[in-house]
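Participant: Sequence:
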Amino acid sequence: MSAGVVPATNSVAAISEFADVSCAILAESEDHVGLANGILNLYNNPDMFSQMSNNAGIRVRKQTAAEITISKELKLIGSE
0 MSAGVVPATN SVAAISEFAD VSCAILAESE DHVGLANGIL NLYNNPDMFS
50 QMSNNAGIRV RKQTAAEITI SKELKLIGSE
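Position one of the sequence shown corresponds to residue 0 (numbering that gives the first Met the number 0), numbered consecutively onward.
I should point out that these hints are in silico values taken from the structure, not numbers from a laboratory. Quantities reported herein were computed from a predicted structural model and do not represent experimental measurements.
The following label-pair restraints were derived from C-beta to C-beta distances:
1. Leu-73 - Asn-43: 44 to 54 Å
2. Leu-75 - Pro-6: 18 to 28 Å
3. Leu-73 - His-31: 38 to 48 Å
4. Gly-77 - Pro-45: 40 to 50 Å
All C-beta atoms, glycine included, are put in the ideal place defined by N, C-alpha and C.
Can you make the complete structure from the sequences, with help from the hints?
Facilitator: Okay, structure coming up:
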């Protein structure tokens, strides 16, 4: 995602912690047709792909940047 790749995945378990409909193709659990339709929709809509790609990069950098992750981990182990 940090490279702007739009993930296509099933909307299960922890996926929502990392992706939402603004930056990913999300289908229901075991819905291969939904995944295929989502990918086809991206292929047929380059503007949508560009926007979702941009959103994916922004989200992952904002959520998992080294300075954010390291700070959280240090707090978790009590070093900060």
